[in-house]
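Residue 363 is where the sequence shown ends in my numbering, and the numbering goes up by one at each step.
Check before you lean on any hint, since a few could be wrong.
Claimed, not checked - SDA-like, lysine to any residue: derived pairs with alpha carbons at most 20 Å apart: (1) 188 x 202; (2) 188 x 71; (3) 183 x 109; (4) 188 x 230.
Treat the hints as calculated values from the structure; they're not laboratory data.
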Amino acid sequence: MTIARGRKVSLRRAVLADRPRVYAWMVESDLAHGAMGPPLYPDRPPPNYEQFCDDYEPYFFEGSRPFDGRGLIVQADGADIGFLAYRRIDLLRDVVELDVWLAGLRHCGQGRGSEALVLASEWLQENFGVNRFVLRPSRRNVRALRALRRAGFRETDLPAAEVIAKLALPKPRYFDEVLLFRVLPPPAALLDPTGDRVYVFVDSEFTSLAEPRLISIGAVATDTAAFYCELNDWPHEHCSEFVRAEVLPQLEGGAVPHPVAADAFAHWLADRAETAPVTIVSDSGFDRWALADLLGSEDLPAGAEWRQVPIDAERLDDSARALGLRRHHALDDARALRHALLGPMR
Numbered sequence: 018m019t020i021a022r023g024r025k026v027s028l029r030r031a032v033l034a035d036r037p038r039v040y041a042w043m044v045e046s047d048l049a050h051g052a053m054g055p056p057l058y059p060d061r062p063p064p065n066y067e068q069f070c071d072d073y074e075p076y077f078f079e080g081s082r083p084f085d086g087r088g089l090i091v092q093a094d095g096a097d098i099g100f101l102a103y104r105r106i107d108l109l110r111d112v113v114e115l116d117v118w119l120a121g122l123r124h125c126g127q128g129r130g131s132e133a134l135v136l137a138s139e140w141l142q143e144n145f146g147v148n149r150f151v152l153r154p155s156r157r158n159v160r161a162l163r164a165l166r167r168a169g170f171r172e173t174d175l176p177a178a179e180v181i182a183k184l185a186l187p188k189p190r191y192f193d194e195v196l197l198f199r200v201l202p203p204p205a206a207l208l209d210p211t212g213d214r215v216y217v218f219v220d221s222e223f224t225s226l227a228e229p230r231l232i233s234i235g236a237v238a239t240d241t242a243a244f245y246c247e248l249n250d251w252p253h254e255h256c257s258e259f260v261r262a263e264v265l266p267q268l269e270g271g272a273v274p275h276p277v278a279a280d281a282f283a284h285w286l287a288d289r290a291e292t293a294p295v296t297i298v299s300d301s302g303f304d305r306w307a308l309a310d311l312l313g314s315e316d317l318p319a320g321a322e323w324r325q326v327p328i329d330a331e332r333l334d335d336s337a338r339a340l341g342l343r344r345h346h347a348l349d350d351a352r353a354l355r356h357a358l359l360g361p362m363r
């Protein structure tokens, strides 16, 4: 499935059948010696296929865990010419690590890798709510550094060890690793309630920001139709102090198993989609994570799309007070978000 198109390349989702070929591009192409293995990179030996599969598990090719990582195939002129992967989307620190390699030297020098990175960054922000992207090549890899700078990535001025620790990144694979970042501005907070779309405002509650497990989800549509569900499979001991104090006392009871909640929400959303295309709106990428976790899919059902609309907490507090709503209750927070963005319930 093609997910993004540019002037030079497009991106499609990788499938498991691509994995052997992607490995060959990494270690056997005429570009491989420029990124790993002796004589230039004795510190980065090429992996064998088993090691590669350990690093790029099936979910990179199946889309079953989209916030843990995903592989994309770079295409040009109708042919597969490279592989781009993103690793775990860290919403708490607002960062995701990317990697890209092309299938051969013949594809270099044309701006294809650079455009693929631009497309992937913009697609990840639009679909998962992350704004900061990092790649970590060797300083010896002049070709990669050039391509990354063309794509808008810039080297950090801070000590690498400090950045790695602060962002909880994996340990370096090169002794002369360079950290290059691209930061996208947050999306505009604009909605058109007069258009031909149904907006569904979503909020979720979960155990913690560091290791989230879904507790509850609430949604309210443009026409005020509402959905609320609590789940029963989250570990109480994983809850943060904030969640224990502010979220758990708001729960209403009647929690259901994960599959029951997923089926109920999918059917409710499908009912909304019968009248017009659906845009799901939330103020945080964590709510997009909640949807993926609930539904077990990288795609939203019923042809829905997701849009992040950043909004400050004070506006939500004001809306909650105006409507007499509880804060940190998934359905009430969804109603407060709707009120803050569209005005009083109509």
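Checked hints:
1. Distance restraint check for residue 188 and residue 202: the Cα-Cα separation of roughly 28 Å exceeds the 20 Å cut-off, and the hinted pair is therefore not satisfied.
2. Annotation: proposed proximity of residue 188 to residue 71 holds, straight-line Cα distance about 17 Å (limit 20 Å).
3. Taking the CA atoms of residue 183 and residue 109, the gap is about 11 Å. The hint holds against a cut of 20 Å.
4. Simply put, residue 188 and residue 230 have alpha-carbon atoms about 26 Å apart, too far for the 20 Å limit, and the pair is violated.
Against the hints set out earlier in the document, violations occur for numbers 1, 4.
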